[in-house]
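Peer 1: Each chain, letter by letter, is given below.
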Amino acid sequence: QQKVQQSPESLIVPEGAMTSLNCTFSDSASQYFAWYRQHSGKAPKALMSIFSNGEKEEGRFTIHLNKASLHFSLHIRDSQPSDSALYLCAVRTGTGSNRLTFGKGTKFSLIP
Amino acid sequence: EAAVTQSPRNKVAVTGGKVTLSCNQTNNHNNMYWYRQDTGHGLRLIHYSYGAGSTEKGDIPDGYKASRPSQENFSLILELATPSQTSVYFCASDDWGFSQNTLYFGAGTRLSVL
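In the order they appear, the protein sequences are chains A and B. Residue numbers 2 to 113, in this note's numbering, belong to the letters of the first sequence in order. Residue numbers 9 to 122, in this note's numbering, belong to the letters of the second sequence in order.
Just chain A, same shape as in the assembly:
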């Protein structure tokens, strides 16, 4: 069974900071890797995703995937108050499964 782990559990940074959130997975056959963001009291919403090794940038957010290391990360530049949320990483296992397995989340906050 796929195991997905996130670190750190929580993160507090000043506005404008750059930061990284990490995710490791256990199944080397995994083929889809995503980050979801969940503001307090709301539903999770997809932020960005990647299929192949490498990097993908969208605005202030960059996702980096290293399948050999069973690791992917989310980098946030110029942190804004609206970024304060729970960040969930998610992994889709390969052949024959539609299941998306989530990590427990990283609670990201800005220093007021």
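Since the hints were made in silico from the structure, they are not lab data. Note that the structure is a prediction, hence the values are computed from the model and not measured. Treat the hints with care, as some may be off.
One-sided excerpt, in silico: chain A residues whose CB lies under 10 Å from chain B [as the list claims (entries may be wrong)]: (1) Y33; (2) A44; (3) A91.
If you anchor each label on the Cβ, the simulated ranges turn out as follows [unchecked claim]: (4) A:E58 / B:S75: 36 to 46 Å; (5) A:G17 / B:S75: 44 to 54 Å; (6) A:N54 / B:N36: 26 to 36 Å; (7) B:T94 / A:A30: 34 to 44 Å; (8) A:G17 / B:R118: 31 to 41 Å; (9) A:P82 / B:S62: 38 to 48 Å; (10) A:S70 / B:E87: 39 to 49 Å; (11) A:S53 / B:E87: 40 to 50 Å.
Mimicking DSSO-like on lysine-lysine, the simulated pairs with C-alpha atoms at most 30 Å apart in a straight line are [said to hold, decoys possible]: (12) A:K4 / B:K73; (13) B:K73 / A:K68; (14) B:K26 / A:K43; (15) A:K108 / A:K46.
Note that CB positions come from ideal geometry on N, CA and C, so glycine has one too.
Using the hints, position chain B against chain A.
Peer 2: Quick look at chain B alone, frame taken from chain A:
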């Protein structure tokens, strides 16, 4: 954007009672899912479905049943509710393998079992 609607949004149930949570999606997605979210556990998959008439067990199916009578509707049934089932439940849909890889969530149902 894909629309997933859950009802009710809040529910208080008694131990041993039957609870049905409903989910409707209007995007013609093949796949639908039920997750529960608890502090310290993240999102955990209860049941999912590949299409009308199909249901599959997720990671924590015990104490839950699911029903997919149509492409649009997916229900989660707690036949004998217990306090340990107090949680926030999310329904979601996608079209993985077809046109839509992103998982779209409903707004959630907060269930309290007393």
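Peer 1: Each hint needs a verdict: does it hold in this structure or not?
Peer 2: Against the structure, the hints:
no. : hint                       : result
1   : Y33                        : 7 Å, holds
2   : A44                        : 4 Å, holds
3   : A91                        : 8 Å, holds
4   : A:E58 / B:S75: 36 to 46 Å  : 42 Å, holds
5   : A:G17 / B:S75: 44 to 54 Å  : 49 Å, holds
6   : A:N54 / B:N36: 26 to 36 Å  : 33 Å, holds
7   : B:T94 / A:A30: 34 to 44 Å  : 35 Å, holds
8   : A:G17 / B:R118: 31 to 41 Å : 35 Å, holds
9   : A:P82 / B:S62: 38 to 48 Å  : 43 Å, holds
10  : A:S70 / B:E87: 39 to 49 Å  : 44 Å, holds
11  : A:S53 / B:E87: 40 to 50 Å  : 44 Å, holds
12  : A:K4 / B:K73               : 24 Å, holds
13  : B:K73 / A:K68              : 35 Å, violated
14  : B:K26 / A:K43              : 26 Å, holds
15  : A:K108 / A:K46             : 15 Å, holds
Hint violations for this structure: number 13 only, all remaining hints satisfied.
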